[in-house]
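Trainee: If you want the building blocks of each chain, they are given just below.
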Amino acid sequence: MAEIKEIKGKIVVPYHWSYGATITKFFQETRENKKIYGARCTKCKGVLVPPVRLCGRCFAPTEEEWVELSDHGRLVSFTTVYLPFPGQPTEPPYTYGMIRLDGADTDFPHLIKEIDEDKMKVDMRLQAVWSEERKGNLFDIKYFKPEE
Amino acid sequence: MEPLVKEGNITVPYQWTTGPAVGKFLTELRDNKKIMGLRCPKCKRLFVPPLELFCGRCFVEMKDWVEVSEEGKVISYTVVNLPLPEPCQPPLPPPYALAAIRLEGADTEIIHLLGEVEFEKIKIGMPVKAVWKEKREGSILDIEHFKPRG
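For the record, the sequence lines run as chains A and B.
Position 80 of the first sequence, counting from 1, maps to 80 under my numbering, and the rest follow consecutively.
Take any residue in the second sequence, note its place counting from 1, add 1000, and you have its number in my numbering.
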């Protein structure tokens, strides 16, 4: 056998990330009620989804006003990922889209399925497909598909 | 409100280049069940395991490879009872005994597991002998542990 010149190792870094009050509320609603909530900026009145505590544009608080959004929306942009890398939601190839939910003022990334990439068009209508088993994360929504 | 927490795992795979000294040491463990050391031509100390090609005290290159015995004695030891947090990868689930072992002819100690012994019976100065693994992969754990020698 060849002389040893290198050793392979692996460092594992487990962590807990606390969602904080705003994202906790968002994921509680997706998990318990299959509802998507945004938060309205007190200054610009934009509806931010996923919600953040402070509006990134105005630095004004948002969480005083929760807004229930539709789980339908339109496709703003999309791309297909062919390259494998750590932390992917699924095996490539898969298509990711930016989705503007009805009533929202920000876009929201998620998987797009049940359609071939070459049939996808910017501005097409999409709807959420909910997971049976919801754990309080972004995959409480399984993916988005073309609106029926 | 019940605060939600995400549990994640970052994995960091890496390759560590052994350098020629550790490379040869591990290759000899794997292929020939031999424990090799390097002798400093100036101070004559025998380094086991050899971590560098240079003697840290004399700053001279060491080329003189010497096979050492697989027998030696315990210079110091400890019993580990605490499970280590990740990312540490302990060789065994605790409790296990770790010892600094000076092999016959060597001037430095090798850190390794003590096996086939009750922890209460481990003594400093105790003679020990290497127990080899059948399937060796070029790791310090190609020696399974050191056991007491009669």
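Simulated from the structure, these hints should not be mistaken for lab results.
All C-beta atoms in this analysis are idealised placements derived from N, C-alpha and C, irrespective of residue type, glycine included.
Among the hints, erroneous ones may be present.
[Said to hold, decoys possible] Among chain B residues calculated to face chain A with C-beta under 7 Å, some are:
#1 1003
#2 1008
#3 1012
#4 1021
#5 1023
#6 1026
#7 1059
#8 1060
#9 1076
#10 1078
#11 1081
#12 1108
[What the hints assert, rightly or not] Each computed DSS-like pair below joins lysine-lysine, with the alpha-carbon atoms no more than 27 Å apart:
#13 A:121 with A:8
#14 B:1123 with B:1034
#15 B:1024 with A:5
#16 B:1123 with A:5
#17 B:1129 with B:1073
#18 B:1024 with B:1133
#19 A:8 with B:1024
#20 A:10 with B:1129
#21 B:1034 with B:1129
#22 A:8 with A:135
#23 A:135 with B:1034
#24 B:1129 with A:35
#25 B:1042 with B:1024
#26 A:34 with A:145
#27 A:5 with B:1033
#28 A:8 with B:1121
#29 A:25 with B:1033
#30 A:34 with B:1006
#31 B:1135 with B:1042
#32 B:1135 with B:1073
#33 B:1073 with A:8
#34 A:5 with B:1133
#35 B:1033 with B:1063
#36 B:1121 with A:10
#37 B:1024 with B:1073
#38 B:1073 with B:1006
#39 A:5 with A:25
#40 B:1121 with B:1133
Trainee: Within 27 Å, alpha carbon to alpha carbon, are residue 135 of chain A and residue 1034 of chain B?
Mentor: Given pair residue 135 of chain A, residue 1034 of chain B is violated - Cα atoms ~53 Å apart, limit 27 Å.
Trainee: Is residue 5 of chain A within 27 Å of residue 25 of chain A, Cα to Cα?
Mentor: Violated. Residue 5 of chain A to residue 25 of chain A sits at ~52 Å, over the 27 Å cutoff.
Trainee: Hey, residue 8 of chain A versus residue 1024 of chain B, does the alpha-carbon distance stay inside 27 Å?
Mentor: Status holds; Cα separation ~16 Å.
Trainee: Just to be careful, I want the Cα atoms of residue 34 of chain A and residue 1006 of chain B compared with a cutoff of 27 Å; is the pair within it?
Mentor: holds (19 Å)
Trainee: Starting from residue 1135 of chain B, check that the Cα of residue 1042 of chain B is at most 27 Å away, please.
Mentor: With a Cα-Cα distance of about 37 Å, the restraint between residue 1135 of chain B and residue 1042 of chain B is violated, given a limit of 27 Å.
Trainee: Is the hinted pair residue 1123 of chain B and residue 5 of chain A satisfied, with a Cα-Cα distance of at most 27 Å?
Mentor: violated (36 Å)
Trainee: Compare the distance between the alpha carbons of residue 34 of chain A and residue 145 of chain A with 27 Å, and conclude whether the hinted pair is satisfied.
Mentor: holds (16 Å)
Trainee: Hinted pair, alpha-carbon criterion (27 Å max): residue 8 of chain A, residue 1121 of chain B. Please report holds or violated.
Mentor: Given pair residue 8 of chain A, residue 1121 of chain B is violated - Cα atoms ~36 Å apart, limit 27 Å.
Trainee: Is residue 10 of chain A close enough to residue 1129 of chain B, meaning Cα to Cα at most 27 Å?
Mentor: violated (30 Å)
Trainee: Please work out if residue 1129 of chain B and residue 35 of chain A have their alpha carbons no farther apart than 27 Å.
Mentor: This hinted pair is violated, its Cα atoms lying about 66 Å apart.
Trainee: Need the status of pair residue 1042 of chain B, residue 1024 of chain B: alpha-carbon distance at most 27 Å?
Mentor: Satisfied, since the Cα-Cα distance of roughly 22 Å is no more than 27 Å.
Trainee: How about residue 1003 of chain B: closest beta carbon in chain A under 7 Å, or not?
Mentor: holds (5 Å)
Of the hints listed earlier, those the structure fails to meet are numbers 4, 7, 8, 9, 10, 11, 12, 13, 16, 20, 22, 23, 24, 28, 29, 31, 33, 36, 38, 39, in rising order.
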